[in-house]
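Peer 1: Letter by letter, the chains look like this.
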Amino acid sequence: MMFAMTMVAVLVTLALALARAALGPTVFDRILALNMIGTKTVLLIAVIGFLTERPDFLDLALLYALMNFIGVIAVLRFLKVGHFGGAEVEPSGE
Amino acid sequence: MTWQPALGEEWIVLPLLTLLACTAIIIVRMRSLFAAVMLTGAYSLLGASWMLLLDAPDVAFTEASVGAGLSTVLMLGTLALTGREAKAPRQRPLVPLLLVALTGAALVYGTLDMPFYGDPGAPVQRYPSPSYLERMPGEFDVPNAVTAVLASYRGYDTLGETTVIFTAGIGVLLLLRGRPKRNESADAASRKRDRA
Chain A
4 MMFAMTMVAV LVTLALALAR AALGPTVFDR ILALNMIGTK TVLLIAVIGF LTERPDFLDL
64 ALLYALMNFI GVIAVLRFLK VGHFGGAEVE PSGE
Chain B
29 MTWQPALGEE WIVLPLLTLL ACTAIIIVRM RSLFAAVMLT GAYSLLGASW MLLLDAPDVA
89 FTEASVGAGL STVLMLGTLA LTGREAKAPR QRPLVPLLLV ALTGAALVYG TLDMPFYGDP
149 GAPVQRYPSP SYLERMPGEF DVPNAVTAVL ASYRGYDTLG ETTVIFTAGI GVLLLLRGRP
209 KRNESADAAS RKRDRA
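Chains as they are written, first to last, in the numbering used here: chain A, 4 to 97; chain B, 29 to 224.
I should point out that these hints are in silico values taken from the structure, not numbers from a laboratory. Zero decoy hints are in this set.
The calculated lysine to any residue pairs, modelled on SDA-like cross-linking and capped at a C-alpha distance of 20 Å, are:
| # | chain 1 | residue 1 | chain 2 | residue 2 |
| --- | --- | --- | --- | --- |
| 1 | A | K83 | B | M103 |
| 2 | B | K115 | B | M58 |
| 3 | A | K83 | B | T106 |
| 4 | B | K115 | B | R59 |
| 5 | A | K83 | A | T29 |
| 6 | A | K83 | B | L107 |
| 7 | B | K115 | B | S60 |
| 8 | B | K115 | B | I54 |
| 9 | B | K115 | A | V30 |
| 10 | B | K115 | A | A25 |
| 11 | B | K115 | B | F62 |
| 12 | A | K83 | B | F62 |
| 13 | A | K83 | B | A64 |
| 14 | A | K83 | A | I34 |
| 15 | A | K83 | B | L98 |
| 16 | A | K83 | B | A108 |
| 17 | A | K83 | B | G105 |
| 18 | A | K83 | B | L109 |
| 19 | B | K115 | B | G105 |
| 20 | A | K83 | A | F72 |
| 21 | B | K115 | B | L61 |
| 22 | A | K83 | B | L102 |
| 23 | A | K83 | B | V101 |
| 24 | A | K83 | B | S60 |
| 25 | B | K115 | B | T68 |
| 26 | A | K83 | B | T110 |
| 27 | B | K115 | B | M103 |
| 28 | A | K83 | A | D32 |
| 29 | A | K83 | B | R112 |
| 30 | A | K83 | A | L35 |
| 31 | B | K115 | B | I53 |
| 32 | A | K83 | B | G111 |
| 33 | A | K83 | B | L61 |
Selected chain A positions facing chain B (in silico; Cβ < 8 Å):
| # | residue |
| --- | --- |
| 34 | A24 |
| 35 | I34 |
| 36 | L37 |
| 37 | T44 |
| 38 | I51 |
Note that the Cβ used here is the ideal one computed from N, Cα and C, for glycine as well.
All chains, please: the whole structure from these sequences, using the hints.
Peer 2: Shown next as structure tokens:
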């Protein structure tokens, strides 16, 4: 029952984050909302794992968290630099 | 192994699918392409959690890494080359809308034949699975049958696929490194020569 309530809360938060991503006046609202959706997905998977009595889903949730992190880094880097060209990468590598 | 009706998770699946549909509609109506790209990432994450609920963790993870990770980056790279705003359409696209509606209706009609989700009499439950499911608990200590099939029974197949993807990745990296590197090393070499 506790997990079911958690699931409801996570789903409601997911809907709210989606609304913010859709309405968000600035880009940063949207990035935060996207990050929030990613985090809620991780929580959702973890709760599903415990709800269906398969806690091994936790490993998957960890991988999703990493995925989410890389995605947000990519978006932020794009915002700062404006492109993913190799020219910026070369000097830092050497 | 006890078989439990998987439709007990319906109350999670329905809100998730509703959120998916909402995201799709928002993406279509969005004029800012940057926001649309980010929402496609959210769409992939939601879709991946739905696939996880359907007991396909490997497919779900592929969807999350390719859909939310890789293709978001690729789309952002495309945005860097084009613009960040979509142009307003000049006329109402009625013919494409009709075509899409027809295709969708045909697809929905196609699903009417399919067995219900979790139906024990469905062909997919009967043909290869029982032998694997019977042999698996004794042979491996892997909790998920799909993982056991992918990583062990079809281990060589998976290894081959991984090799192909790895080779493709190396090829793309070699292609993308491009010329600037060579110029820099030439500059460094000439600088060294000057110093000497």
